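> Single-letter residue listing:
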Amino acid sequence: MASSDRNRPLPRRILGLAVAASLLFAGVSGSARAQTAESMLNRPAPVFVRSGPGGARVDLAQDRGRVVLLNFWATWCAPCRTEMPRFAAWQKEYGPRGLRVVGVSIDDSEPPVRAFLEKLPVDYPVVMGDRALAEQYGGVLGVPVTFLIDRRGIIRGRFEGETDLRALETRMRRLLDSGSP
Amino acid sequence: MRTFAFCSRRTFCSGRAGESVLRACAAIVTVVLCATAAQAQSAFTVPASALVQPAALHHELEASPHGSLVLQVGSRMLFDEDHIPGAVYAGPASTPEGIEALRARVTPLARSRAIVLYCGCCPWDHCPNIAPAWSLLRGMGFTHVRVLFIAHNFGTDWVSKGYGVERSQ
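Chains as they are written, first to last, in this note's numbering: chain A, 1 to 181; chain Z, 1 to 169.
Hints in this document: simulated from the structure, not taken from any laboratory.
All values derive from a computational prediction rather than experimental measurement.
Using N, Cα and C, we set each Cβ at its ideal position, and we do this for glycine too.
Warning: the hint list may mix true and false statements.
[Said to hold, decoys possible] Listed next, with one range per pair, are the computed distances between beta-carbon atoms: (1) Ser64(Z) to Leu165(A): 38 to 46 Å; (2) Asp123(A) to Pro65(Z): 46 to 54 Å; (3) Gly67(Z) to Arg173(A): 47 to 55 Å; (4) Ser49(Z) to Ala132(A): 35 to 43 Å; (5) Arg97(A) to Ser64(Z): 52 to 60 Å; (6) His144(Z) to Ser39(A): 47 to 55 Å; (7) Glu60(Z) to Arg64(A): 45 to 53 Å.
[Claimed, not checked] Here chain A is said to cover these stretches of chain Z; the calculated rule only asks that three of the stretch's residues, wherever they fall, bring their Cβ under 8 Å from a Cβ of chain A: (8) 59–70; (9) 75–86; (10) 121–127.
[Stated by the list, open to error] Far from chain Z, by Cβ distances over 12 Å, these chain A residues were calculated: (11) Val49; (12) Gly54; (13) Arg64; (14) Arg66; (15) Glu93; (16) Pro96; (17) Arg97; (18) Ile106; (19) Pro112; (20) Glu118; (21) Tyr124; (22) Arg173.
Throw the hints in and build the complete structure from the sequences for me.
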């Protein structure tokens with residue numbers, strides 16, 4: 001087997017290695033992605049500049065010194081619609097203590113997001129996300145997904161699916177208590 | 001209105017107490033009807049016999065990658081990030097555009113074609129796309145339609161399990 005490999009022309013051997021590597025990658029990419037999502041914790045939050053409906057604009061680098069609640073959502077996501085009024089209330093209540101809520105829509109286009117926000121306005125910026133941004137955050141393969149980022153810009157929490165909002169609020173308050181804005 | 005013709009017991013149904021009881025009944029009926037209407041669009045309308053579990057589909061596709069046409073009926077962004085190998089994006093079936101895209105995609109197919117629908121955008125009981133997609137295909141006469149049961153989301157129930165994924169180019 002080894003000798004027959006040696007006798008093969010080099011390009012074919014390279015091609016064979018490439019195919020084997022791609023098959024291996026296809027087989028493990030799922031678990032690798034899961035590890036990526038988990039490994040985002042306690043690491044610096046990727047900064048981004050994004051815009052959204054109604055002239056919303058977020059430059060995450062400008063939010064250092066604040067606790068950021070970063071929520072990936074979509075208009076068609078029922079649990080997201082449950083969470084958003086709570087996030088809006090938290091922005092109002094905890095904003096003076098340094099909370100910044102940022103919504104990132106993963107809708108395919110902006111018009112449904114604009115229409116949604118006209119019906120259910122929120123007091124925090126909502127910007128449009130895309131695959132690149134989702135991948136920066138370890139992959140968003142279902143919504144809602146919410147990150148808690150501390151005042152130093154480190155990701156301290158990742159909440160997926162129908163979250164226990166009381167637990168999320170407790171974690172957020174703890175981060176707010178850990179320093180002044 | 002103090003009396004109600006459809007009540008069999010006048011003493012029970014007439015008067016303020018009777019009105020209160022009937023109002024409460026009406027409210028309950030309304031709630032039940034609303035819940036039923038919501039359920040009509042819920043993924044729970046897909047019969048259990050049509051569901052396929054992630055592990056089973058994973059093994060099936062490994063053994064026969066082209067046996068079934070796999071259609072993703074959810075978000076484009078989620079599809080682009082990761083999707084089942086060989087799956088085709090059909091559009092979010094909860095929107096008129098998505099339904100039309102799905103209809104256009106399957107119209108040329110033989111009605112006996114084996115099709116698997118999946119979404120995975122959100123928890124099964126909240127998925128807005130599966131029920132309309134299922135209803136459309138059944139209404140069009142497709143006889144071999146199955147739906148991938150994704151309890152939480154595609155990331156948790158497929159990707160995290162280590163099943164195969166592809167990314168859009």
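> Compare the structure with the hints numbered earlier in the document and write down the numbers of the violated ones, lowest to highest.
Result: hints 6, 8, 18 and 19 break, sorted rising.
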